[in-house]
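*Asks:* Protein chains in written order, with the numbering used here: chain A, 1 to 365; chain B, 1 to 365.
Take these hints with a grain of salt, some might be off.
If several chains are the same, the list does not tell them apart, and a pair holds so long as it fits within one copy or across any two.
Taking lysine to aspartate or glutamate pairs in the EDC-like style, the calculated list, with each CA pair at most 16 Å apart, reads [to be verified]:
#1 Lys-254 x Asp-242
#2 Lys-254 x Glu-327
#3 Lys-317 x Asp-336
#4 Lys-264 x Glu-184
If you are wondering where the hints come from, they were derived from the structure by calculation, not from laboratory data.
There are 2 protein chains.
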Amino acid sequence: MTNPASAPRALIMAGGGGTRFWPRSRQNLPKQFLAMRGDRSLLQETADRLEGLVAARDLMVITGKAHVGRTREQLPGVPGDMIIGEPTGRDTAPCVALAAALLARTDPDGVFFTCPADHVIEPAGMFRKALQAAAQVLQDHPNAFVTIGVPPTFPSTGYGYIHRGESIGSRLGVEASKVRSFKEKPPVETARQYVASGEYLWNAGIFAWKPRAVLEALGRHKPALREGVLKIAEAWDGPNRDSVMAEIFPTLEKVSVDYALLEKHDEVVVLGAPFQWDDVGSWLALERLNPQDAHGNTVQADHVGVRTKGCVIVAPKGRTVATLGVENLLIIEDGDCLLIARKEDESAVKEVVEELKRAGRADKL
Amino acid sequence: MTNPASAPRALIMAGGGGTRFWPRSRQNLPKQFLAMRGDRSLLQETADRLEGLVAARDLMVITGKAHVGRTREQLPGVPGDMIIGEPTGRDTAPCVALAAALLARTDPDGVFFTCPADHVIEPAGMFRKALQAAAQVLQDHPNAFVTIGVPPTFPSTGYGYIHRGESIGSRLGVEASKVRSFKEKPPVETARQYVASGEYLWNAGIFAWKPRAVLEALGRHKPALREGVLKIAEAWDGPNRDSVMAEIFPTLEKVSVDYALLEKHDEVVVLGAPFQWDDVGSWLALERLNPQDAHGNTVQADHVGVRTKGCVIVAPKGRTVATLGVENLLIIEDGDCLLIARKEDESAVKEVVEELKRAGRADKL
Numbered sequence: 001m002t003n004p005a006s007a008p009r010a011l012i013m014a015g016g017g018g019t020r021f022w023p024r025s026r027q028n029l030p031k032q033f034l035a036m037r038g039d040r041s042l043l044q045e046t047a048d049r050l051e052g053l054v055a056a057r058d059l060m061v062i063t064g065k066a067h068v069g070r071t072r073e074q075l076p077g078v079p080g081d082m083i084i085g086e087p088t089g090r091d092t093a094p095c096v097a098l099a100a101a102l103l104a105r106t107d108p109d110g111v112f113f114t115c116p117a118d119h120v121i122e123p124a125g126m127f128r129k130a131l132q133a134a135a136q137v138l139q140d141h142p143n144a145f146v147t148i149g150v151p152p153t154f155p156s157t158g159y160g161y162i163h164r165g166e167s168i169g170s171r172l173g174v175e176a177s178k179v180r181s182f183k184e185k186p187p188v189e190t191a192r193q194y195v196a197s198g199e200y201l202w203n204a205g206i207f208a209w210k211p212r213a214v215l216e217a218l219g220r221h222k223p224a225l226r227e228g229v230l231k232i233a234e235a236w237d238g239p240n241r242d243s244v245m246a247e248i249f250p251t252l253e254k255v256s257v258d259y260a261l262l263e264k265h266d267e268v269v270v271l272g273a274p275f276q277w278d279d280v281g282s283w284l285a286l287e288r289l290n291p292q293d294a295h296g297n298t299v300q301a302d303h304v305g306v307r308t309k310g311c312v313i314v315a316p317k318g319r320t321v322a323t324l325g326v327e328n329l330l331i332i333e334d335g336d337c338l339l340i341a342r343k344e345d346e347s348a349v350k351e352v353v354e355e356l357k358r359a360g361r362a363d364k365l
Numbered sequence: 001m002t003n004p005a006s007a008p009r010a011l012i013m014a015g016g017g018g019t020r021f022w023p024r025s026r027q028n029l030p031k032q033f034l035a036m037r038g039d040r041s042l043l044q045e046t047a048d049r050l051e052g053l054v055a056a057r058d059l060m061v062i063t064g065k066a067h068v069g070r071t072r073e074q075l076p077g078v079p080g081d082m083i084i085g086e087p088t089g090r091d092t093a094p095c096v097a098l099a100a101a102l103l104a105r106t107d108p109d110g111v112f113f114t115c116p117a118d119h120v121i122e123p124a125g126m127f128r129k130a131l132q133a134a135a136q137v138l139q140d141h142p143n144a145f146v147t148i149g150v151p152p153t154f155p156s157t158g159y160g161y162i163h164r165g166e167s168i169g170s171r172l173g174v175e176a177s178k179v180r181s182f183k184e185k186p187p188v189e190t191a192r193q194y195v196a197s198g199e200y201l202w203n204a205g206i207f208a209w210k211p212r213a214v215l216e217a218l219g220r221h222k223p224a225l226r227e228g229v230l231k232i233a234e235a236w237d238g239p240n241r242d243s244v245m246a247e248i249f250p251t252l253e254k255v256s257v258d259y260a261l262l263e264k265h266d267e268v269v270v271l272g273a274p275f276q277w278d279d280v281g282s283w284l285a286l287e288r289l290n291p292q293d294a295h296g297n298t299v300q301a302d303h304v305g306v307r308t309k310g311c312v313i314v315a316p317k318g319r320t321v322a323t324l325g326v327e328n329l330l331i332i333e334d335g336d337c338l339l340i341a342r343k344e345d346e347s348a349v350k351e352v353v354e355e356l357k358r359a360g361r362a363d364k365l
């Protein structure tokens with residue numbers, strides 16, 4: 001039944017909204033469309049990274065309906081009808097389920113990789129190697145869900161963890177193990193124990209699986225969701241694609257793929273990521289992803305600093321930013337907004353967005 | 001010889017350059033042309049303040065040659081040829097000397113008031129009262145130089161001081177005294193003694209005098225300067241006004257009126273200012289001159305603050321400034337520049353300007 005020779009496909013999940021990069025990310029310009037280093041957006045980097053393993057014509061991108069146009073602009077190599085707009089965000093399970101249903105129409109047993117559109121991963125070659133290793137696992141275990149876990153470098157309380165179990169050997173030098181359990185974002189003490197034990201990996205939301213296996217698991221654990229996406233897939237090539245999508249998709253259960261599928265599946269395999277990973281979770285990521293000047297400032301702007309240390313400074317072309325006597329600030333100008341925050345408050349940027357909402361400033365969101 | 005009934009005239013000295021209000025003040029837009037509260041520029045406020053005492057047609061404004069156009073725009077009531085451009089800045093003595101020489105042509109014994117264009121003074125009525133009192137002193141002492149000194153409110157090391165001597169009685173309720181001496185900007189210990197003694201006033205650069213007396217004093221103390229301005233005055237109504245001005249003015253000694261005239265004159269009288277005075281010396285003046293929000297922020301911008309205290313925030317229309325967790329910052333956006341500084345470093349804003357010069361960024365100055 002399986003056809004190991006068929007070319008792998010990939011789903012890029014580009015549905016993120018996100019307020020942590022305000023004012024650069026806005027409702028109509030979420031983080032995945034932004035370049036965080038160099039010129040390519042995170043979404044473009046994600047597609048670039050798959051190049052050589054998955055052809056552009058075999059990419060599927062699911063994003064918010066409002067962002068389909070921008071996605072097509074940024075990824076001109078991806079066939080237009082492989083860029084799909086969700087009428088409303090329903091978290092990751094309906095997204096993966098829809099992709100599985102659509103891909104099953106042509107090749108239910110072909111591997112499809114699944115990854116978020118807004119992470120930074122280096123080097124790309126090791127990322128592809130890990131996915132190839134995952135595909136090899138699927139040759140032996142066609143019903144498995146394979147996930148790539150990231151070895152933790154600090155006791156993060158912001159990520160989920162995967163408890164690695166018994167080894168099933170390595171593929172292409174990448175160690176594969178059964179998954180014992182998934183753990184929600186832990187308190188810091190627990191996170192410390194996880195890291196110290198060496199048995200835990202961060203859940204980075206990167207998967208390899210087959211449409212048939214995903215649909216079968218949905219049938220067991222989320223039958224209504226399976227029904228819904230199959231109806232959409234049935235109508236896909238007819239005249240009612242848009243209306244059926246608009247009618248059914250918003251009714252699908254809003255649930256994460258981790259909760260709906262991974263945690264419930266009986267055959268989940270985790271590979272230890274052989275690459276550097278950053279989820280670009282907030283403005284401080286710029287500091288990790290870019291070089292600093294002699295005073296520890298991360299600068300993407302025309303900047304003149306006097307006694308300025310450890311700041312992250314971003315401004316558009318044409319603007320000159322002068323700083324005097326300040327340390328550890330985020331100074332971010334974008335469009336018609338300017339954000340000045342303490343670096344240590346970076347995770348509270350959403351409070352600014354909430355404050356803008358309260359103040360009725362939808363135009364600035 | 002004196003004609004006490006003649007209408008008083010006034011010289012507004014608007015030659016300031018100044019870097020302490022960068023980025024709002026630039027080489028081509030010095031502080032006197034900026035509004036620091038409300039809509040009127042400091043220059044316009046200065047002219048407004050004299051209204052009722054000196055008619056607009058009797059104002060003379062001396063500014064930098066490059067700023068004549070803007071001055072005429074801002075003060076449409078002042079006759080165009082009473083707005084005079086200095087080819088190069090030569091400090092205040094040549095400015096006062098030229099005014100005296102020009103005014104002497106029509107009324108050498110008429111009072112002329114002299115004041116800087118870039119201070120804030122409240123209330124205007126008390127300012128006019130002080131000038132009227134000064135004019136009354138000149139009725140009795142036509143050769144005197146009368147200056148208005150400001151009672152010090154803190155031991156400033158940034159202002160010059162006037163040591164008040166023997167009283168010569170009050171005029172219109174304003175106490176007048178002989179001046180014992182002028183003191184340069186003192187160290188803080190000395191400044192404390194000055195303030196504690198009650199015998200010292202700040203030198204605010206506000207004067208009342210007569211053209212004849214100024215020219216006579218120049219003849220004694222700065223004869224070359226007198227010669228120069230008389231030559232310019234002689235050519236003023238002929239075809240060579242501009243060429244003579246351009247030729248002679250830059251050769252005049254660059255010296256302050258305090259040093260050239262006040263400190264050397266034998267008959268200097270000081271009146272204690274019955275008004276509030278602010279020299280608007282730096283960005284912190286905005287805090288003194290404007291109300292604060294509930295968190296002590298001085299805001300001239302569309303501002304959304306989360307845990308933000310004691311900041312001074314200025315940005316143009318259309319910009320939204322969001323602040324998060326920051327205290328006591330200056331956040332000033334103007335034109336193509338943005339300044340972020342610690343409030344306590346406000347007197348060091350000139351270092352930013354110097355840094356821009358070093359970096360060859362004349363376009364930002």
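*Asks:* Could you run down the list of hints and mark each one as holding or not?
*Replies:* Consistency of the hints with the structure:
1. Lys-254 x Asp-242: neither (20 Å within a copy, 79 Å between copies)
2. Lys-254 x Glu-327: neither (42 Å within a copy, 41 Å between copies)
3. Lys-317 x Asp-336: both (14 Å within a copy, 10 Å between copies)
4. Lys-264 x Glu-184: Cα proximity of Lys-264 and Glu-184: one copy only (14 Å, versus 82 Å across).
When each numbered hint is compared with the structure, violations occur for hints 1 and 2.
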